[in-house]
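Engineer: Spelled out from the first residue to the last, the chains are:
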Amino acid sequence: MLLNLITPELGLIVWQLIVFLLLLFVLGKFAWKPIMNALKEREKSIEEALASAEKAKAEMAKISADNEKLLQQARAEKDEILKKAQQTARELVDEAKESAKKEADKIISEARNLIESERKAFVADMKKEVAKLSLQVAERILRKELSNDENQKILAEKLINEISAN
Amino acid sequence: MRKLANFLFVFFLLFPFFTFAQQEEKEFNAGDLILHHIADSHEWHFATIGKTHLTIPLPIILYTDKGLDIFMSSEFHHAEKREITNEKGEKEHQLVLKRPNGNTYIMSHERIFLEGGGTLYDFSITKNVASLLLSAILLIVVFLSVAKSYKKNTGKAPKGLQSFLEPIIVFIRDDIAKPNIGEKYERFMPYLLTVFFFIWFNNLLGLMPGGANVTGNIAVTMTLALLTLIITLFSSNKYYWQHIFNTPGVPWWLKFLVPIMPIVEIIGIFTKPFSLMVRLFANITAGHIIILSLLSLIFLFKSYAVAPVSVAFAVVMNMLELFVAILQAYVFTLLSAMYFGGAVEEHHHEHHNEKHEVHQA
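Residue numbers (our numbering), protein chains in the order written: chain G, 13 to 178; chain X, 6 to 366.
Take the hints with a grain of salt, since some may be wrong.
Computed footprint of chain G on chain X; a stretch qualifies when at least three of its residues, placed anywhere within it, have a C-beta under 8 Å from a C-beta of chain G [as the list claims (entries may be wrong)]:
id	segment
1	105-119
2	130-137
3	156-165
4	168-176
5	221-227
Everything labelled a hint here was simulated from the structure, so no lab data went into it. Where is the CB? At the ideal position from N, CA and C, for every residue including glycine.
Work out the full structure, taking the sequences as your base and the hints as a guide.
Structural biologist: This is the structure:
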């Protein structure tokens, strides 16, 4: 009986072979194939989802980095523009001041020239007037003084003295 | 709940077929009881209540020179009983059955012979074959339903039975097939999965009360081991054979002048599946023997006091057997995968040898 235990029976071998091969065929075709395919597909889709998430993350990081860069650029540009504007304003003011000063100087010098020429003309007029008045005074005095000969003589001498003294 | 109801339905459907044969009391023999339980049988015996046997008769299919003879095993209940003394001087019980076709069959220790000798092939649906068919139906129902849930839950998380079995399927693929076979693992997956679940389910069915000892039967394990051998040989590449006949790293005179290495390697081709066959058979049978021995102690001592201890030990053993059931399925699958891996492995040896030689020099 113990020997029976380790002696394989032909009938059971045949049945086992038939049942197992049938099982292999049926399960292989209708169970393992769809199951393995479904598993593979799911793994693939998970992998893809993870990869795309990673990609999205990287893209987000890139976008935010880009944003930061843009912001910095904008800030730098703003500073530049402000600086330039300030400089331009300063230049403008300086220029205006300069030109105003120039204008003022010009006006002043013109005014001075005018005053000078006016004064000169006035002085010349005054001289003419004084000379005319002086001549009239001198004529009247002379007429009075020289009404006799004596006086004419004394004056001539005096004049001659004066001239000679000079 | 519905499954239990189904089971009960089937049970009561079969009930009329149960036979209630009477038998006189015999002296208790633990060895006979254990061997009877782990051996194959032509009928499915569940229990003996009092003197009544609760048995499902199974079809007996015999092929002799008179052609096929198919009848139910319950015919043997009406057979003539006789006791003979065999060559070894041991007493042996035999059942002698005369059939209408003229054949007289003798059943001794569950093996059927023709009276007076002659060729007889026994293709009966024995207890193991019936259990085999049941397990095949169970496997098909379970995995086809799992496959269906994959279709239904496409792109969704697994559910129910699917989520229980998926980690095991993935484990077989990622931790058994891929590392041991390599790139070509995919073509071996159907066999590895089938063999794993076949062994596991049958191991578990064998642990059920009244279950058959299918995976603890040498014919079953031999067939599985032979299939592994056949698949290994048919998928082998030239490097596999080169490794056998021209083993790298071995002095040339051990290969050609005194061909010890090729002989050892050729023996190795067959010892590998032989070890598969014996390992599974011995592990499962041993587990059954231990549990039955523990329970037999109660009857040997004829004392109720032994019962709690025996039962406690048997429960612990049963738990261990539940683990062994999946462990042996894993071991068989893993070793098969390793043999397949060896057969399809691409050539890497020369490189290693060069390194070794450099080290030795």
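Engineer: Would you mind marking each hint as holding or not holding in the structure?
Structural biologist: How the hints compare with the structure:
1. 105-119: Per the Cβ count (3), the hint holds.
2. 130-137: Since 5 is at least three, the answer is holds.
3. 156-165: holds (count 3)
4. 168-176: holds (count 3)
5. 221-227: holds (count 5)
In this structure, every one of the numbered hints holds.
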